[in-house]
Amino acid sequence: MSATRNLELEARHAASLEGPMGTLGDPGTRLLGGPAREEGAESRAAHLGRLGGLDLESATPESLRQLVRASGLEGRGGGQFPLAAKLDLAAASGGTPLVVVNASEGEPASRKDRTLLAHRPHLVIDGAMTAARAVGAREIVVYLHRARRRSTAAMVEAIAQRDGDAAAITVVDAPPRYVAGESSAVVGYLEGNGALPRRRAVPVAAHGVHGQPTVVSNAETAAHLGLLARRGAAWFREAGDAVSPGSTLVTLSGAVVRPGRVVEVSGPATIGEALALYGGIAEVPRAVLVGGYEGTWIDGSVAMDAPLGRSALAACGTPLGCGLLAVMSPTCCGLRTTARLVDWLAGESAGQCGPCVFGLPEVAALLDDLAEARAGRRDVRRLRALTASIAGRGACGHPTGVVGLVDSALDTFASDLDRHARGRECPYPAARFELPGDAGATT
Amino acid sequence: MTGRDEGHDEGRQWVLELDAARCDGHGICLLRFPERIALDEWGFAEVQREPIRDRATLRRARRVVDACPEGALRLVQSAPVGTLGVRRAT
Numbered sequence: 062m063s064a065t066r067n068l069e070l071e072a073r074h075a076a077s078l079e080g081p082m083g084t085l086g087d088p089g090t091r092l093l094g095g096p097a098r099e100e101g102a103e104s105r106a107a108h109l110g111r112l113g114g115l116d117l118e119s120a121t122p123e124s125l126r127q128l129v130r131a132s133g134l135e136g137r138g139g140g141q142f143p144l145a146a147k148l149d150l151a152a153a154s155g156g157t158p159l160v161v162v163n164a165s166e167g168e169p170a171s172r173k174d175r176t177l178l179a180h181r182p183h184l185v186i187d188g189a190m191t192a193a194r195a196v197g198a199r200e201i202v203v204y205l206h207r208a209r210r211r212s213t214a215a216m217v218e219a220i221a222q223r224d225g226d227a228a229a230i231t232v233v234d235a236p237p238r239y240v241a242g243e244s245s246a247v248v249g250y251l252e253g254n255g256a257l258p259r260r261r262a263v264p265v266a267a268h269g270v271h272g273q274p275t276v277v278s279n280a281e282t283a284a285h286l287g288l289l290a291r292r293g294a295a296w297f298r299e300a301g302d303a304v305s306p307g308s309t310l311v312t313l314s315g316a317v318v319r320p321g322r323v324v325e326v327s328g329p330a331t332i333g334e335a336l337a338l339y340g341g342i343a344e345v346p347r348a349v350l351v352g353g354y355e356g357t358w359i360d361g362s363v364a365m366d367a368p369l370g371r372s373a374l375a376a377c378g379t380p381l382g383c384g385l386l387a388v389m390s391p392t393c394c395g396l397r398t399t400a401r402l403v404d405w406l407a408g409e410s411a412g413q414c415g416p417c418v419f420g421l422p423e424v425a426a427l428l429d430d431l432a433e434a435r436a437g438r439r440d441v442r443r444l445r446a447l448t449a450s451i452a453g454r455g456a457c458g459h460p461t462g463v464v465g466l467v468d469s470a471l472d473t474f475a476s477d478l479d480r481h482a483r484g485r486e487c488p489y490p491a492a493r494f495e496l497p498g499d500a501g502a503t504t
Numbered sequence: 507m508t509g510r511d512e513g514h515d516e517g518r519q520w521v522l523e524l525d526a527a528r529c530d531g532h533g534i535c536l537l538r539f540p541e542r543i544a545l546d547e548w549g550f551a552e553v554q555r556e557p558i559r560d561r562a563t564l565r566r567a568r569r570v571v572d573a574c575p576e577g578a579l580r581l582v583q584s585a586p587v588g589t590l591g592v593r594r595a596t
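Residue numbers (this note's numbering), protein chains in the order written: chain W, 62 to 504; chain P, 507 to 596.
One chain only, chain P, in its complex shape (with noise of 0.2 Å):
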């Protein structure tokens, strides 16, 4: 996702994706962003997966995505499969 503005694309949306095989229940996360992220009984996270609408949230989440210090969050767009255009990086 990197070199591309903070808003929003045409048609398409932000989501907050956790790799839970990532995360190791720092809890850092729930501190910075409560209103998307809450930790289970055993202190894993666990993210609400609705699109963020608005560019404050936005620039809240890309915050917590820098936060985490397993790297097991990040930002995505959501989009069919088959309609991402998806190209290799290399």
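Just chain W, with the same shape it has in the complex (with noise of 0.2 Å):
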């Protein structure tokens, strides 16, 4: 990607009011238009006079669910769930509904869903209050990292300004765990037990907290429900495809320029088109992270090429997730990089089930003696076993999260992995890591 191109890439879109991307502030972005970033969170006047008023109390509950069903939006938290199907089944089965807004964003690199509370907080609780209306829910949970000041403040003084709203907010500090955000984990807090993800033999939309229907969506599902809510499903399936309608925010990491800056992909473009107008990505990097730490590496050159969309990534197996993009430069050593993550990721295991508790720590010693060069073939051997047998094990996608990453990297860095487990030199620094590796970082 030279510097030409990236000049181009910028003249089309500065001369577009309507762009295939754009950040905070910029004309024809969904989510993030608005005031720009140095204006902080936009109050509810603004807000207000931005978009209009929002008037759920002569929609019928049932027409909202169609109107999410015909929009096709899918959950922006990693699973790419319909929230369709989250609503219809709340609504389907009685008791008390309670709606959860999960902006507990436990991926260390991604931003996305603070940057929403931080600067659209009133945008994020009108999704909550149209997915309320629609399920017949009077109780709204926002759950949240108290530690991230910023967003918290702005999601608190937004509920402060909110009056005749027909929904109560708590709002309700996640611990800093990883599995944290897990949706069962999510429940299981909230009936004031440990964060820890649990095997339901019922969804949590029929039979969550206390046995009631609950409807947990992430941030920035909330966000997308509350402009469809005024502009329609027509409108919605403007942006995205068929098949993961909507636009989508994306998180870029690792080597950028800004890392934690967050980009709307609204039209078809590359994420080399993205990593070179927002990233400032002159040459084609080493590898990309694509959806989270528990996402899947892929070579930089064929990244470069790769459409940025959610359908397009979900169909070649390496979905976006959370909207993670995370590069590494030419001069990282891809194994070293990823037997950091695995374990730190390996120390995020609720402790729970037998295949995580023991498996993950091997798999991360193992991957760290041929980061070391201290391992060999039969090691290399011996990991593909060990991360065969884990996959689809556990209560909950930790440890299958973790070992496709494992074998993605020993995929794309088949070249390091050789080198390591022959016991030749590293020539890239060894203390080079590019990525945030704290999952409590504060914004």
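Hints in this document: simulated from the structure, not taken from any laboratory.
Check each hint, because a few of them may be wrong.
Looking from chain W toward chain P, a few residues come up when the C-beta cut is under 7 Å (computed) [said to hold, decoys possible]: (1) Ala-262; (2) Gln-413; (3) Cys-414; (4) Gly-415.
Computed, partial: chain P to chain W, Cβ under 10 Å [claimed, not checked]: (5) Leu-524; (6) Ala-526; (7) Cys-529; (8) Gly-531; (9) Asp-546; (10) Glu-547; (11) Trp-548; (12) Gly-549; (13) Arg-580; (14) Val-582.
Values in this document were obtained by computation on a predicted structure and should not be read as measured data.
We put the CB at the ideal spot given by N, CA and C, even for glycine.
Please dock the two separately framed chains into a single complex, following the hints provided.
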């Protein structure tokens, strides 16, 4: 990707109000449209002035669920689960439903959810109110990390500005653990137990907090719903594609000019275009980590031309997940980077299931041995066998996600693996690690 | 699943399911139902999730569910989300 191409892209983008991408305050964006980053949180008055009011009382719950069904809106937390299925299940289950906005954003490099809370809190609340109306809930919980002061303060302030809303909002501080954002862990925590993922015979949307239907949806999903309720399903489908409609937020991280920058993608674009335009990437990177720390590594040259869309990436077996694109520069060792990620992830296990408790530390140790050239070919075979035996096991997706990352690293960084397994010297600086490693990072 | 017969309901099949968070590796399930259960290298159960089609196997599955000291196994009906028609028990 040359500098000239970069400029061309910038010119093309500036010329179009409906460019395929944008960041906070850019015209043509949806969730990020409105005031620029420097202006902080959008006030209730500014929010209403820009988007107009949201009349939920005159809409029936059925019509709202029909709207979500027609929109095809999929969850943006990682699972891409259709929101309509959750709402329909909750509405059909009787009882006293609860709506939870999951803004815990446990992915260490992701910034999209806290960005929405910090800058567009009323849009997130509008979405939560819409979901509450659609299932007949009178209570909403916003599940976030209090330690992220800016986003928490903006949300708390926004809640104080709401009056006349049909549902009451409670803010709950999430434990700083990677797995605490998993929906069954959220439900467990709200019941007064630990934030531990549990295998559930019945989805939490039907049988969640204290047996009541519980709609747990990601903060970005809620924000989309806040706009969808105003503008309709046909408008919503103008962005994205038929399989995964709507725009999507992406966090650029790693070896980019401004790690943590959040970009909204609404039209056809490649990963390379996003990295050039907003990441300052002028040369092909070594690799890109797609979807989160339990996502997949893609070779840099492949990634540059890959379409940046939820359905396209999912079809390639490299789902966009929480929206993370983390860049590794050409002078970094993929094996060492992955070893460090896996060491951290193994420590984030909830400690409940055998394959996770016993398997992940062994995976981490083997990767570390390979990274430090203390292991050979036989250990690579052992590592492959281990990941195969752990995949699909456990009460939640954590062990499967970790070994998925490892498998993608073994494929993508075959040259590093070969060098390390033969005991040859690694040409890259040992200490170089370009990703945020702290789940409790404050913003 | 109480109050239901062990037979097949219309259009639904029973699946033996493991709650891995409860499994403590006692291994009794392997002795009782080796055709569907294996233990991994650390001694924890791995369960084949193929639907159970015949009554004799279903009876054996029912017994292995009862035999697990941790209550980690259960029989569930496989049906896509949204078609369960689930109602709260209370």
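Hint-by-hint comparison with the structure:
no., hint, result
1, Ala-262, "holds, 6 Å"
2, Gln-413, "holds, 4 Å"
3, Cys-414, "holds, 4 Å"
4, Gly-415, "holds, 3 Å"
5, Leu-524, "holds, 8 Å"
6, Ala-526, "holds, 4 Å"
7, Cys-529, "holds, 6 Å"
8, Gly-531, "holds, 6 Å"
9, Asp-546, "holds, 6 Å"
10, Glu-547, "holds, 7 Å"
11, Trp-548, "holds, 4 Å"
12, Gly-549, "holds, 7 Å"
13, Arg-580, "holds, 7 Å"
14, Val-582, "holds, 6 Å"
Of the numbered hints stated above, none is contradicted by the structure.
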